[in-house]
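There are 2 protein chains.
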Amino acid sequence: MAEYQPPRGMKDIVPSEMERRKWIYTNIRTVLDSYGYSEVAPTELEMWDTLAAKAGEDNLNEVYDFKDKGDRRLALRFDLTCGIARMVAGMRIPRPIKLYAIGNAWRYDAPQKGRYRCFTQWDVELFGTDSTAADAEIINLSSDILKSLGLDFEVRINNRKLVENIFNYLKIDKKCYVDVMRTVDKIPKLSEYDILTEFKNAGITKSQATSLLDILGRKGNPKDLIPLLRKEFKDDRQVQESIDTLENLFTNLGKECILDLSIVRGIGYYTGIVFEAFDPKEEKLGSLFAGGRFDGLVGVYGKEDMPAVGVGGGMERLLEILEQKNAFEKMKRPKSVFIAPINDSVRPYAKKVAATFRKKGFMAELDLTGRNLKKQFDYANKKGFDYVGVIGDKEKEEKCFMLRDMVTGREKKIKM
Amino acid sequence: MAEYQPPRGMKDIVPSEMERRKWIYTNIRTVLDSYGYSEVAPTELEMWDTLAAKAGEDNLNEVYDFKDKGDRRLALRFDLTCGIARMVAGMRIPRPIKLYAIGNAWRYDAPQKGRYRCFTQWDVELFGTDSTAADAEIINLSSDILKSLGLDFEVRINNRKLVENIFNYLKIDKKCYVDVMRTVDKIPKLSEYDILTEFKNAGITKSQATSLLDILGRKGNPKDLIPLLRKEFKDDRQVQESIDTLENLFTNLGKECILDLSIVRGIGYYTGIVFEAFDPKEEKLGSLFAGGRFDGLVGVYGKEDMPAVGVGGGMERLLEILEQKNAFEKMKRPKSVFIAPINDSVRPYAKKVAATFRKKGFMAELDLTGRNLKKQFDYANKKGFDYVGVIGDKEKEEKCFMLRDMVTGREKKIKM
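First to last, the protein sequences are chains U and A. Heads up, the first sequence is in the numbering used here, so the first residue is 1 and it goes up one at a time. Heads up, the second sequence is in the numbering used here, so the first residue is 1001 and it goes up one at a time.
Note that these hints are calculated values from the structure, not bench results. Just so it is clear, CB atoms sit at the ideal spot from N, CA and C, and this is done for glycine as well. Wrong hints could be hidden among the right ones.
Stated by the list, open to error - Okay, the calculated beta carbon distance ranges per label pair:
| # | chain 1 | residue 1 | chain 2 | residue 2 | range |
| --- | --- | --- | --- | --- | --- |
| 1 | U | 194 | A | 1415 | 51 to 61 angstroms |
| 2 | A | 1017 | U | 283 | 37 to 47 angstroms |
| 3 | U | 147 | A | 1415 | 19 to 29 angstroms |
What the hints assert, rightly or not - Okay, derived cross-link-like pairs now, SDA-like style, lysine to any residue, Cα gap no bigger than 25 angstroms in a straight line:
| # | chain 1 | residue 1 | chain 2 | residue 2 |
| --- | --- | --- | --- | --- |
| 4 | U | 360 | A | 1352 |
| 5 | A | 1375 | U | 131 |
| 6 | A | 1022 | U | 334 |
| 7 | A | 1161 | A | 1133 |
| 8 | A | 1382 | U | 133 |
| 9 | A | 1069 | U | 131 |
| 10 | A | 1359 | U | 133 |
| 11 | A | 1352 | A | 1304 |
| 12 | A | 1147 | U | 133 |
| 13 | U | 325 | A | 1039 |
| 14 | U | 11 | A | 1067 |
| 15 | U | 352 | A | 1022 |
| 16 | U | 11 | A | 1304 |
| 17 | U | 161 | U | 73 |
Take these sequences, add in the hints, and give me the full structure.
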């Protein structure tokens, strides 16, 4: 007899993990629904061309693609943004358009411990307005999600336009922008020496590199940082404008938000505000959510361009950090009762007792095996039931049952 | 500029449909959780061998399979039962094991109007007991799901063992069983003439065929039918035993359940009780749920055999019938309020008002565009908000807002 397993890099979600996931999903949905965002489910399979239109070259190597039986090149989606942007390109509804999705995403890369080819993401997108208020709302609702889960975190925020304007201020050659941006993205991860080497390879002068590292290394309370930046770049109108955007943004954000000039979110499609949230004590775990403004993507999929700002996060990371913090102990479960009929003739009555408990909001399980009472108690004990309700002929006749509290051991006769 | 679409036979789920789906999902989960079933999520991709071990030859042609980049033959699952049975084969937990899943299933067949290559199923499985009480519970919880959705239906129930024992009673050759069973499965769909022709082709005599059609054509209240069957087959112990099972089952079922001797659920892997639920007025739509006992499947996937009974249904069918019955009008939505700040300087205060509404359980949307008040009202109107809260400088100063009821048009000043 063969043993069958899920394919390499994939896993089944068992009851204990599913219960935790559902608790997280409910928290996310409650926050997003209350903000007026609508859930959608873009198709999990996409045409290769759809994904290729968005993904950078690095990402395309990791796309889980295949040929279908009709020889079409298809792919399992690598994120949710792509499908949502494709959907929005065809929607004719009042703007702004506020959407979210929770679902699987796929990568075809070498599976590692704790890293799977299929994982779950949550993703929120706001289309049709380029206002800073929209950026603020996306950051605020993401913060509300983490708060609803009881997490501690810091949101590090920047404006990619500010970074580009600083490149310009330092007279960095436009041809070097992509390579320099790629290096800026690594500032939090690499040593100063490595960063300066990479800057050199990107083709900028030593003094440009030193200035960049000095300026973009700053992070902290925007109330302190912004006046300093204003002063330092007082003659550069473009830099001032990108600082205006940040200042306006921070008036609508909470205390958990700081300015971090090294945040650029890769060389991808972001065009304005960018942000990442971390638990400062669990930096290594990576970001808890990340996002930014991307005003160019919808135009790729439709006839018309549309400003957009979005955020996303990984479910597996939330599961990990919440487990570390024992947050799942706070999950509310309904009280549970195991209904133990002592013979088959009382079963129809026992069924009614179980149904009554269910109507009252209990999780009520009725024994289905006909095993003896001791074995029924063993099962109820192993599965951690709060109560066991015993039903024999006498109880059936008197329309009652004996309820045992499985913690205190006390028993009580209860009338239906 | 290209227009991108989902792949052939697949579709995105838009907000209006998603809202309806979520209402259905919540109803299903509420019932199943209250019965003590645990949700799982088997992986969506399976190794080809895993699916081939379960699927009949007819089904295998429709499996959505492909070669991955490592030249492995994989497939998108065609149902949820397969993955759940594979998971259970590896589980070491107290029995019975009660699991359910809600998720996508895939077929590679010619897409038709309203029929997609990717669709959603709900699926419940109960492992580890062969008791009739278990069969009854699976039917009862399925009925509770349809009742929670406000549907009218009839559950048609049979025992495959009874049908086989009747074959035996009529001295039908064992070699003909598969073909005869295949024809029995068509009794509700084909004419008497066609059925008799198929029976003939299956190799049974005319008198056997006429008797079969007579016996298996019976359906109705088990209280009337069962005594008649008992009398008719009073000398056949095996037939009597399969009637015992049905009689025992019906004592634990509700009034919506009838006996229908033509129900056999194909030639598949069912081994005992089988059932299908229909809305008698919408017969053409097909079954609302269907299932039965399959005691042989888990043994295929694991070291050990395990009795099992399960049920499943399609989400798209529920959406269709519920729409026909205008059931979605009864969906509860939270009250909604659109917060309209008249300028940017009152935005931080307006944000607090919106947050307060959200805490009170409202869906509260804050205008993010900075458009004028008329345009804000237009948007709120189009999107059907219950209330609009207007906030100007005066309201900010007085810590209040003007709330307009969008149905009555009445306005009221409300203190925070």
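Structure-based check of all given hints:
Evaluation of the 51 to 61 angstroms hint for residue 194 of chain U and residue 1415 of chain A yields a pass: the beta carbon distance comes to about 58 angstroms. Checked against the hint of 37 to 47 angstroms, the pair residue 1017 of chain A and residue 283 of chain U passes, with Cβ atoms roughly 41 angstroms apart. For residue 147 of chain U and residue 1415 of chain A, the hinted distance range of 19 to 29 angstroms is satisfied, since their beta carbons lie about 26 angstroms from each other. In summary, the hint linking residue 360 of chain U to residue 1352 of chain A is not supported, as the alpha carbons are separated by about 37 angstroms, beyond the 25 angstroms threshold.
With a CA separation close to 16 angstroms, the supplied pair residue 1375 of chain A and residue 131 of chain U stays within the 25 angstroms bound. Note on residue 1022 of chain A and residue 334 of chain U: the hinted pairing holds, with a Cα-Cα distance of about 21 angstroms set against a maximum of 25 angstroms. Only pairs whose Cα atoms come within 25 angstroms are accepted, and residue 1161 of chain A paired with residue 1133 of chain A is accepted, the gap being roughly 17 angstroms. Between residue 1382 of chain A and residue 133 of chain U the CA atoms are separated by roughly 22 angstroms; this keeps the pair inside 25 angstroms, and the hint holds.
Using a Cα cut-off of 25 angstroms, the hinted pair residue 1069 of chain A and residue 131 of chain U is violated, with the two alpha carbons roughly 43 angstroms apart. Of the pairs offered as hints, the one joining residue 1359 of chain A and residue 133 of chain U holds, with about 20 angstroms between alpha carbons and a cut-off of 25 angstroms not exceeded. Between residue 1352 of chain A and residue 1304 of chain A the CA atoms are separated by roughly 60 angstroms; this puts the pair beyond 25 angstroms, and the hint is violated. Straight-line distance between C-alpha atoms of residue 1147 of chain A and residue 133 of chain U comes to about 45 angstroms, which puts the hinted pair past the 25 angstroms bound.
Between the alpha carbons of residue 325 of chain U and residue 1039 of chain A the distance comes to roughly 24 angstroms, so the proposed pair stays at or under 25 angstroms and holds. Among the hinted pairs, residue 11 of chain U with residue 1067 of chain A is consistent with the structure: their alpha-carbon atoms are about 19 angstroms apart, no more than 25 angstroms. Between residue 352 of chain U and residue 1022 of chain A, the direct Cα distance comes to roughly 29 angstroms. Violation of the 25 angstroms bound is thereby established for this hinted pair. Our distance criterion of 25 angstroms between C-alpha atoms is met by residue 11 of chain U and residue 1304 of chain A, whose separation comes to about 22 angstroms.
Distance hint between residue 161 of chain U and residue 73 of chain U is unfulfilled; the C-alpha atoms sit about 37 angstroms from each other, more than 25 angstroms.
Violated hints, listed in ascending order, are 4, 9, 11, 12, 15 and 17; each of the other numbered hints is respected by the structure.
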